[in-house]
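Student: The chain contents come next:
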Amino acid sequence: MDIVILGLPLYYYIAMVAKVLVAFLFVLLTVAYATYAERKIIGFMQVRIGPNRTGPKGLLQPIADGLKLFFKEEIIPAEANKFAFLLAPLIALVPAFITFAVIPFGTTITVFGYDVPLQIVGYYDAGVGKVVDINVGMLYVLAMSSLGVYGIVLAGWASNSKYSLMGGLRASAQMVSYELAAGLAIIPVFMLVGSLSLQEIVNAQVGMKWFIWNSPMTFVAGMIFYVATLAEINRVPFDLPEAETELVSGFCTEYSSMKYAMFFMAEYANMVTVSALMVTMFLGGWDGPFVSTFPLLSPVYFVAKVYFLMFMAMWIRATLPRYRYDQLMALGWKVMLPTTLAIIAITAIAGYFGFYTFSDFFGM
Amino acid sequence: MPNPFTPIIQGMKITFGHLFKKPVTLMYPDERPKVAERFRGLHALKVSHNKAKCVACYLCPTVCPAKCITVEAGEDANHDKFAAKYEIDMLRCIFCGYCVEACPVDALKMTGEFELANYHREDFVFTKERLLEKK
Chain A
1 MDIVILGLPL
11 YYYIAMVAKV
21 LVAFLFVLLT
31 VAYATYAERK
41 IIGFMQVRIG
51 PNRTGPKGLL
61 QPIADGLKLF
71 FKEEIIPAEA
81 NKFAFLLAPL
91 IALVPAFITF
101 AVIPFGTTIT
111 VFGYDVPLQI
121 VGYYDAGVGK
131 VVDINVGMLY
141 VLAMSSLGVY
151 GIVLAGWASN
161 SKYSLMGGLR
171 ASAQMVSYEL
181 AAGLAIIPVF
191 MLVGSLSLQE
201 IVNAQVGMKW
211 FIWNSPMTFV
221 AGMIFYVATL
231 AEINRVPFDL
241 PEAETELVSG
251 FCTEYSSMKY
261 AMFFMAEYAN
271 MVTVSALMVT
281 MFLGGWDGPF
291 VSTFPLLSPV
301 YFVAKVYFLM
311 FMAMWIRATL
321 PRYRYDQLMA
331 LGWKVMLPTT
341 LAIIAITAIA
351 GYFGFYTFSD
361 FFGM
Chain B
1001 MPNPFTPIIQ
1011 GMKITFGHLF
1021 KKPVTLMYPD
1031 ERPKVAERFR
1041 GLHALKVSHN
1051 KAKCVACYLC
1061 PTVCPAKCIT
1071 VEAGEDANHD
1081 KFAAKYEIDM
1091 LRCIFCGYCV
1101 EACPVDALKM
1111 TGEFELANYH
1121 REDFVFTKER
1131 LLEKK
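Chains as they are written, first to last, in my numbering: chain A, 1 to 364; chain B, 1001 to 1135.
Incorrect hints may have been included.
[Said to hold, decoys possible] No more than 20 Å apart at the CA atoms, straight line, and that leaves these computed lysine to any residue pairs for SDA-like: (1) 334(A) <-> 1133(B); (2) 57(A) <-> 1097(B); (3) 1021(B) <-> 52(A); (4) 1081(B) <-> 312(A); (5) 1021(B) <-> 312(A); (6) 1013(B) <-> 38(A); (7) 1022(B) <-> 43(A); (8) 1013(B) <-> 315(A); (9) 1022(B) <-> 42(A); (10) 1021(B) <-> 361(A); (11) 1109(B) <-> 1097(B); (12) 1022(B) <-> 334(A); (13) 57(A) <-> 1028(B); (14) 1021(B) <-> 39(A).
[To be verified] Partner residues aside, some chain B positions facing chain A, computed with beta carbon under 10 Å: (15) 1008; (16) 1011; (17) 1014; (18) 1015; (19) 1016; (20) 1018; (21) 1019; (22) 1020; (23) 1021; (24) 1022; (25) 1025; (26) 1027; (27) 1091; (28) 1094.
[What the hints assert, rightly or not] A short list of chain B residues far from chain A (calculated; beta carbon distances all over 12 Å): (29) 1113; (30) 1118; (31) 1130; (32) 1134.
I should point out that these hints are in silico values taken from the structure, not numbers from a laboratory.
Each residue gets a CB set at the ideal place from its N, CA and C atoms; glycine is no exception.
Let the sequences and hints guide you as you build the complete structure.
Tutor: Below you can see the structure in the form of structure tokens.
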């Protein structure tokens, strides 16, 4: 087994394909059942039952919904730009999924004598003695999440309908302004870790030194990051691009059948992705009690944390009404942006005076 | 300036509390709602001594604000007046209950029956046979 392809051993490729399959299937299933979970949770929060007719407890509902949308008629408006109209849902969907390539969803486990890090692009380098991954992983994530907005803007423009265009415009304005706050909110983490590699960021938090409670600066940054990503993926209370009451369905007004389903898959996949990012950046990634003894616990912790954050997003959706457009812009530019800039400055000043994190300060 | 997070936290508390409440949903076709005693549903003609109590006095079609009751009087073997024809058009009826109030012989009542959907318009005209009280 010493076959080397492009400088990497063969088992690396086998492990990578296996990891891609597992992660992709897992994300797809999570996306499908997130719709079910959302309807159930919001149902219970509104003292009703939610879907319960399709299969036991309504568990086949996502499959029924998917099949229904799949067999619906595909309608392309006569005045729409056909190429852009068909391209838009793909552009929305693909970046939502490929972000997962760099997210470490577990520690390094040993399979058949080989050390396999649970990260799709990760590789355990025995010479260095640690996991090597994309050293600018976070830049890759930011690039991909910015691509998602193109799908929505393109959908709004290509539909050639005023509701779609308004939805697309709102989406682009909103995503650009909150991308800024989200991007600035993770800078304190980079300052403390000293690396853009997601593997390094998780390693810096191992041993319950999670950034959410390890420093007051990263706590505030984490909260802002979560709210800003909620806005970026157009979740309630920031769902202005598809506000039913004002814009019919916003950018997906003219979409039908599987293309409509793809926008919704993109929305839920984005929810999984930003939850995973939040977990990686601020909630310690796969870290948790007993991980060093039982490495197989690490993906369990990771998934549990991601699901907790997704539950939070659904809980927020059941609670808060939609923001008004000017309030949304004021929150993004007048509250979040100055706060994140202040946090960056405070982190730098505190670091100059020797305070990085609580664990560092008290020598734990 | 009031703390902007207070209302959000309060709201989140309320929704989380509701998560564990028993749903109020009635699984309708499987579970039936309990209809109130004085619910005004489909009419029924009361029966006494094996015939309808109605004496065809025309008070109910007179008082009916929707003009949905059609009565035609007839005479039976004992020279008593009775309703040879008694029809209520449920597409016009507004379920106000004035007909029941007006009836001098207490021959009409309203039941708890509320599922009046049908496939043809003519099926909504309830004839005397269909209105007779079922024992």
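Student: Would you mind marking each hint as holding or not holding in the structure?
Tutor: Against the structure, the hints:
1. 334(A) <-> 1133(B): violated, 72 Å
2. 57(A) <-> 1097(B): violated, 42 Å
3. 1021(B) <-> 52(A): holds, 17 Å
4. 1081(B) <-> 312(A): The given pair, whose Cα atoms are some 73 Å apart, is violated under the 20 Å limit.
5. 1021(B) <-> 312(A): Holds: residue 1021(B) and residue 312(A) sit about 19 Å apart, inside 20 Å.
6. 1013(B) <-> 38(A): holds, 18 Å
7. 1022(B) <-> 43(A): holds, 11 Å
8. 1013(B) <-> 315(A): holds, 10 Å
9. 1022(B) <-> 42(A): Answer holds: residue 1022(B) to residue 42(A) is near 14 Å, not above 20 Å.
10. 1021(B) <-> 361(A): Violated. Residue 1021(B) to residue 361(A) sits at ~45 Å, over the 20 Å cutoff.
11. 1109(B) <-> 1097(B): holds, 8 Å
12. 1022(B) <-> 334(A): Cα-Cα ~42 Å, so violated.
13. 57(A) <-> 1028(B): holds, 16 Å
14. 1021(B) <-> 39(A): holds, 16 Å
15. 1008: Holds, because the Cβ-Cβ distance from residue 1008(B) to chain A comes to roughly 7 Å (cut-off 10 Å).
16. 1011: At 4 Å from the nearest chain A Cβ, residue 1011(B) passes the 10 Å test, so the hint holds.
17. 1014: holds, 8 Å
18. 1015: The hint holds - residue 1015(B) has a Cβ within 10 Å of chain A, the shortest such distance being about 5 Å.
19. 1016: It holds, given that the least Cβ distance between residue 1016(B) and chain A is near 7 Å, below 10 Å.
20. 1018: Since chain A brings a Cβ to about 5 Å from residue 1018(B), closer than 10 Å, the hint holds.
21. 1019: For residue 1019(B), the interface hint holds, since the closest Cβ of chain A sits about 5 Å away, which is under 10 Å.
22. 1020: holds, 8 Å
23. 1021: holds, 5 Å
24. 1022: holds, 8 Å
25. 1025: holds, 4 Å
26. 1027: holds, 8 Å
27. 1091: violated, 31 Å
28. 1094: violated, 31 Å
29. 1113: Holds, since 26 Å exceeds 12 Å.
30. 1118: holds, 25 Å
31. 1130: holds, 33 Å
32. 1134: holds, 32 Å
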